[in-house]
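Here the protein sequences come in this chain order: F and S.
Using my numbering, the first residue of the first sequence is number 1176, and each one after it goes up by one.
Using my numbering, the first residue of the second sequence is number 1176, and each one after it goes up by one.
Treat the hints loosely; a few may be bogus.
Any copy will do: because identical chains look the same in the list, a pair fits if it lies in one copy or spans two.
[Unchecked claim] Simulated pairs of lysine to any residue, SDA-like, Cα-Cα distance not exceeding 25 Å:
1. K1323 / E1337
2. K1245 / Q1288
3. K1277 / V1254
4. K1277 / D1419
5. K1211 / S1418
6. K1226 / D1180
7. K1277 / A1387
8. K1211 / K1281
9. K1323 / S1304
10. K1376 / H1183
11. K1277 / E1248
12. K1245 / D1255
13. K1281 / S1244
14. K1312 / G1351
15. K1277 / L1207
16. K1281 / A1210
17. K1281 / K1323
18. K1323 / L1307
19. K1323 / A1349
20. K1281 / G1413
21. K1211 / L1242
22. K1252 / M1176
23. K1281 / L1208
24. K1188 / N1401
Just so you know, these hints were derived from the structure itself, not from any lab.
There are 2 protein chains.
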Amino acid sequence: MTREDLIHQIKAKQSFLCVGLDSDLSRIPRHLLEAKDPLFEFNKIIIDHTKEHCVAYKPNIAFYESLGSKGWESLAKTVDYIPDTHFTIADAKRGDIGNTSKQYAKTFFETLQFDSITVAPYMGIDSVSPFLEYSDKWVILLALTSNKGSDDFQHMTDVNGEQLFEQVLRKSQAWGSPDNLMFVVGATHPEAFKGIREIAKEHFLLVPGVGAQGGTVAEVCQFGLNEDIGLLINSSRGIIFASDGEDFGERAGESAKQLAMQMQPLI
Amino acid sequence: MTREDLIHQIKAKQSFLCVGLDSDLSRIPRHLLEAKDPLFEFNKIIIDHTKEHCVAYKPNIAFYESLGSKGWESLAKTVDYIPDTHFTIADAKRGDIGNTSKQYAKTFFETLQFDSITVAPYMGIDSVSPFLEYSDKWVILLALTSNKGSDDFQHMTDVNGEQLFEQVLRKSQAWGSPDNLMFVVGATHPEAFKGIREIAKEHFLLVPGVGAQGGTVAEVCQFGLNEDIGLLINSSRGIIFASDGEDFGERAGESAKQLAMQMQPLI
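Just chain F, with the same shape it has in the complex (with noise of 0.2 Å):
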């Protein structure tokens, strides 16, 4: 998906939500467990009933892949139902040398045909540039991660009082462009979003950590927002897990309209 078509859905749907997929085989409800493909079925009931209030669906990974081949056949049938009209973010946190990032590349954009795929900067240019070489494709890069492991390393200040995350935020706009760039910041950090936007004004955020991490939108969208709306919300476990009785589809889908509300009045 193109950026174009990403504001485009998002003003079409009055909404920049991305509902978080972690899908977690323990947590869904006990009367799905007698279906064929249980996390399956629990995604498409999710997906049936929050796509009009949503513009994006971020699978965890781990989630899936945690339950063997099995987890894996549920994802590619997730990926395969959510409608082209959403885009898709692999939250896979990869990050590798070049001949495995294209791996990874093929894995997340061939064999599943995700829209993006999130990556940690440690190891480099070579962890982004093989996914950055797909067209209409993106990499969705940690910048400032929404959990308290975030001050271990983040935050580290060079001798010019630059932080890593700021440093990570600058030096790959050198790698990628806002049309196949983005970068994690998390809701837990509402301070940060002005000086963020000073470095990367055009990007898009993806903005994890509101719902149970605690974070708001009306705190990210002070000073997150921008010409172009910039920002895709994430709220997971808040949505997915609103119930655990036969009605979790329609607890899901007022969860996300909730927080759509929320998001109309900016858009």
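Since the structure of chain F is provided, determine the placement of chain S on it from the hints.
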């Protein structure tokens, strides 16, 4: 596998060689493509011919994942086939928030029964600690990698003169011990081993980058060895793709033996 067992295996086999199973379907000998599971068939023959010369195997997960659920099955069969006397490394370079890392730990330590996994440090402690909850399992944390892009961020220096990879080595020692934590240090940085051994005296180091990437056993060992050997030197392409003919197994065995013979006098 415990640290003691690993040291015992190194002494028994007179080798600290790790064979990297970067088993790229497009590079394995053509006659294997007729087999039911070409990737597993390839690995089986490589393992049969190299096991007396090495102490560890490191499947590079990207090459299996890129084939979808089929590749996942080849990987599972490979891990089962590796003898219990050999240390197994899932070269997966995962790194995520706590609840996701737990899933990755389940994948690589339960669904597949690897002894260890490579982990990227960017997201800090929550990326690492869920793996360390398993007894006799290991995290191998990226410190100074062998690729060109290692220059992009890993050498970033703070106001006290400490580089990012040195911070990773130092801080992570509060999370794990030499009994469950190793570090990745590329053979392409032989000059760095002296300083690294000052920070991480007892830890095992997994050293990629010998062979195709240009590093040598002698250079790595000069400052890398410690009292318990403390090194696993990996070679992938130089061993497994030593020949693309029907003799690929024998040739892999010879290449592995050649490296092991450079190690033997040092043990």
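A quick look at each hint next to the structure:
1. K1323 / E1337: both (20 Å within a copy, 22 Å between copies)
2. K1245 / Q1288: Intra 18 Å, inter 17 Å, cutoff 25 Å: intra and inter.
3. K1277 / V1254: both (20 Å within a copy, 23 Å between copies)
4. K1277 / D1419: Close across copies (21 Å), not inside one copy (39 Å); limit 25 Å.
5. K1211 / S1418: within (21 Å within a copy, 44 Å between copies)
6. K1226 / D1180: within (16 Å within a copy, 53 Å between copies)
7. K1277 / A1387: between (34 Å within a copy, 17 Å between copies)
8. K1211 / K1281: between (28 Å within a copy, 22 Å between copies)
9. K1323 / S1304: Between copies, since 12 Å is at most 25 Å while 29 Å is not.
10. K1376 / H1183: Within one copy, since 19 Å is at most 25 Å while 56 Å is not.
11. K1277 / E1248: Both: 22 Å inside a copy, 21 Å across copies.
12. K1245 / D1255: Both, since 16 Å and 18 Å are each at most 25 Å.
13. K1281 / S1244: Answer is both; intra-copy 17 Å and inter-copy 14 Å each pass.
14. K1312 / G1351: Cα proximity of K1312 and G1351: one copy only (11 Å, versus 38 Å across).
15. K1277 / L1207: between (36 Å within a copy, 23 Å between copies)
16. K1281 / A1210: between (30 Å within a copy, 23 Å between copies)
17. K1281 / K1323: Between copies, since 21 Å is at most 25 Å while 32 Å is not.
18. K1323 / L1307: between (30 Å within a copy, 17 Å between copies)
19. K1323 / A1349: between (29 Å within a copy, 16 Å between copies)
20. K1281 / G1413: between (32 Å within a copy, 23 Å between copies)
21. K1211 / L1242: Answer is both: 14 Å inside a copy and 23 Å across each meet the 25 Å cutoff.
22. K1252 / M1176: Answer is within: at 19 Å inside a copy they meet the 25 Å cutoff, but 37 Å across does not.
23. K1281 / L1208: Result: close only across copies, 20 Å inter versus 32 Å intra.
24. K1188 / N1401: within (18 Å within a copy, 61 Å between copies)
In this structure, none of the earlier numbered hints is contradicted; all agree with it.
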